[in-house]
Amino acid sequence: MKKILVTGSAGFIGYHLTKALLERGDQVIGYDNINDYYDVNLKYGRLNELGIKQAEVKDHQFALSSQYPNFKFVKADLCDREFLYDLFKTEQFDHVINLAAQAGVRYSVENPQAYLDANVQGYLNILEACRHNPVKHLVYASSSSVYGSNAQMPFSVHHHTDHPLSLYAATKKSNEMMAHTYSHLFNIPTTGIRFFTVYGSWGRPDMALFLFAEAIRKGEKIKVFNHGKMERDFTYVGDIVQGVMAALDQPAKPNPDFNNLKPDAGSSHAPYRLYNIGNNQPVKLMDYIKALEKAMGKTAEKEFLPMQPGDVQKTYADVKDLIKDFNYQPNTPLEKGIGEFVEWFIAYTA
Numbered sequence: 015m016k017k018i019l020v021t022g023s024a025g026f027i028g029y030h031l032t033k034a035l036l037e038r039g040d041q042v043i044g045y046d047n048i049n050d051y052y053d054v055n056l057k058y059g060r061l062n063e064l065g066i067k068q069a070e071v072k073d074h075q076f077a078l079s080s081q082y083p084n085f086k087f088v089k090a091d092l093c094d095r096e097f098l099y100d101l102f103k104t105e106q107f108d109h110v111i112n113l114a115a116q117a118g119v120r121y122s123v124e125n126p127q128a129y130l131d132a133n134v135q136g137y138l139n140i141l142e143a144c145r146h147n148p149v150k151h152l153v154y155a156s157s158s159s160v161y162g163s164n165a166q167m168p169f170s171v172h173h174h175t176d177h178p179l180s181l182y183a184a185t186k187k188s189n190e191m192m193a194h195t196y197s198h199l200f201n202i203p204t205t206g207i208r209f210f211t212v213y214g215s216w217g218r219p220d221m222a223l224f225l226f227a228e229a230i231r232k233g234e235k236i237k238v239f240n241h242g243k244m245e246r247d248f249t250y251v252g253d254i255v256q257g258v259m260a261a262l263d264q265p266a267k268p269n270p271d272f273n274n275l276k277p278d279a280g281s282s283h284a285p286y287r288l289y290n291i292g293n294n295q296p297v298k299l300m301d302y303i304k305a306l307e308k309a310m311g312k313t314a315e316k317e318f319l320p321m322q323p324g325d326v327q328k329t330y331a332d333v334k335d336l337i338k339d340f341n342y343q344p345n346t347p348l349e350k351g352i353g354e355f356v357e358w359f360i361a362y363t364a
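Just so you know, my numbering puts 234 at position 220 of the sequence shown, and the rest follows in order with no gaps.
Honestly, the hints are just simulated from the structure, not real lab data.
Among the clues, some could well be false.
[Unchecked claim] Calculated lysine to any residue pairs in the SDA-like style (CA-CA distance at most 20 angstroms, straight line): (1) 237 / 305; (2) 67 / 80; (3) 67 / 48; (4) 150 / 339.
Sequences are here, hints too, so could you generate the full structure?
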């Protein structure tokens, strides 16, 4: 049994990952500030599924799960450095999974400070806490958005990612660079996971699938950007969880073949690795919408709009390293994943 800190545990991926870790018998401490970027009732709904009652959630105090005896949750911000450091010192975690972040590419254009606070300062506090209270492995969420203007497909962790197109992407790239520094200086094993367009039950209401489903349910038009000429490597949340857990269980090691004269972007002489987790099968946005329409039994009215600032036209994950190192590859069919989302969505919004 591992003792694991999961930050962002009231979030979309954090909820699913926390549940999977608990069900395999790990001891988990959840950490989330439950901010109001989107409806906090959804976040409390996820926590309720984990046995944490909203009335018991208070700042800087543990709430105990009624469902999982190996789970407790604390509401706190990563920028609260003193509390975070005390928590690390007291709990002595074996592993840390950092999923806490300010999400959203488009929102980063409007509110850049939130991204610096959560994604840079908060992440630095995690690294410092791991430095002074050594852990066996730090796994953290990165994003396919780091590939930016790179048009070489499929996106590989061995490609250089020096041209981000949004501040959100730049903060995720900075997380990878900061992790490498701490792996080099303090020998902390770190693994960064680049997620590719995650979807599934309990998803965020600012994400396309939820927005589309909500508009279809209400008989409103859905907003289709770049006039529908987009492709995404849509990845089911359950596949993301399995990939993160596989990475967690094998702490990053130095690459014995690393060459400083021809440095590999995805590994290092330090215990540092990067992985893509994507479905490895890009889907046209219009086909994605058709699959949702079929699952909901209703055709969507569509408003075709130009590309949004910071967005990219196509994503496509190279997952060869994931397969080679962990013998794992996402494989949930789009129709099955969307079907499960729609079943949850209808029940949740009833």
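Now the hints, each set against the structure:
no. : hint      : in the structure
1   : 237 / 305 : holds (16 angstroms)
2   : 67 / 80   : holds (8 angstroms)
3   : 67 / 48   : holds (14 angstroms)
4   : 150 / 339 : holds (18 angstroms)
Checked against the numbered hints above, the structure breaks none of them.
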